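Chemist: Chains as they are written, first to last, in my numbering: chain S, 1 to 257; chain D, 1 to 50.
Just so you know, these hints were derived from the structure itself, not from any lab.
Note that the structure is predicted; figures quoted are calculated from it, not measured.
Every residue gets a Cβ at the ideal spot worked out from N, C-alpha and C, and that includes glycine.
Keep in mind that the hints are not guaranteed to be accurate.
Reference listing, derived: stretches of chain D covered by chain S, where coverage requires no fewer than 3 residues with Cβ under 8 Å from a Cβ of chain S [unchecked claim]:
id : stretch
1  : 11-25
2  : 33-43
To list a few chain D residues with every Cβ distance to chain S over 10 Å, as calculated [stated by the list, open to error]:
id : residue
3  : Met1
4  : Ser5
5  : Glu7
6  : Pro46
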Amino acid sequence: MKATTLEAHADGRGNPLLRFAAPQAFFPLAGKMIPWFAALAVVFAVGGLYVSFFVAPTDFQQGESYRVIFIHVPSAWMSMFLYVVMAAWAAFGLILNTRLSGMMASAIAPTGAMFTFIALWTGALWGKPTWGTWWVWDARLTSELILLFLYLGFIALTTAIDDPRRAERAGAVLAIVGVINVPIIYFSVKWWNTLHQGASVSLTKAPSMAATMLAGMFLMALAAWMYSFAAALWRVRSIILERERDALWVRERGGEA
Amino acid sequence: MNWGSLENFLAMGGYGLYVWGSYGVTLLCIAVELWALARRSRRAQPGERA
């Protein structure tokens, strides 16, 4: 009974949402979405950079050094958000045993690691002129560094195991356990005394920055979101082809893009 | 925000190293990721053996 329902999903006769859980069905859909996300990423990035450099005023305390914020905050947001999405896909894969889930988790990891690295790098370059140091072992910085190690650990673990299904399951356990680090990063500035400042933007109080600065940050954050979707979808298409190399539908595709 | 001249813009009020160091490395990361994505995509095509 169960098996027939799953097969029905795979060829599109079942629930339309589950239909795309089959890599074969998701592959062309992802291909159609990539150009849109890529185009939106470029539009938001151009708008965001314009606002960040030509509209947002000089900060009265930090001078121009604060302009690092337009990359730093969006990439820090993405680093946490992508980790949660990656872990959610990994959990779906573990529970429902759908093939696409583990592929999505693997497709997100390198982009998440990249944004984590960018958050740390830009943080160091911002910390030097404002705090007088590139790095401190404070709760926010340390937990973000742990996030980078979690991403790298996930990538290393899943590539080290030859059997892709076993690799996925091992990676999923690591990803799910590591989720505990995300609220620790987010609330670290509240829970501990940190050199890192508190949140500039929160749901409960008015933002502590000029409206144009906020606008620049949000545009750059939107660009980072769109970029991440495009990059993850592009990567998942390669993963699908790699994994399904011997499937008839892949062999029949031939050289077509 | 009016920078007046290109020199002023590049100097970023004395913080050029930090601001451009941030934006430059970010751009580099994105370029490397896009290059890696394109390469992986090319190698994953049927008929191409990695």
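Chemist: With reference to the structure, classify each hint as holding or not holding.
Modeler: Verification of the hints:
With 11 residues having a Cβ less than 8 Å from any Cβ of chain S, the stretch 11-25 of chain D passes the three-residue criterion, so the hint holds. Only residues whose C-beta sits within less than 8 Å of a C-beta in chain S count toward coverage, and the stretch 33-43 of chain D has 7 of them, enough to reach three; the restraint holds. Its beta-carbon lying about 5 Å from the closest one in chain S, D/Met1 breaks the requirement of being farther than 10 Å from that chain. The claim that D/Ser5 is not at the interface with chain S holds, since no C-beta of that chain comes within 10 Å of its own (minimum 14 Å).
The Cβ of D/Glu7 sits about 13 Å from the closest Cβ of chain S, beyond the 10 Å cut-off, so the non-interface label holds. At roughly 5 Å, the least C-beta separation between D/Pro46 and chain S is not larger than 10 Å, which violates its mark as non-interface.
When held up to the earlier numbered hints, the structure conflicts with 3, 6 and fits the remainder.
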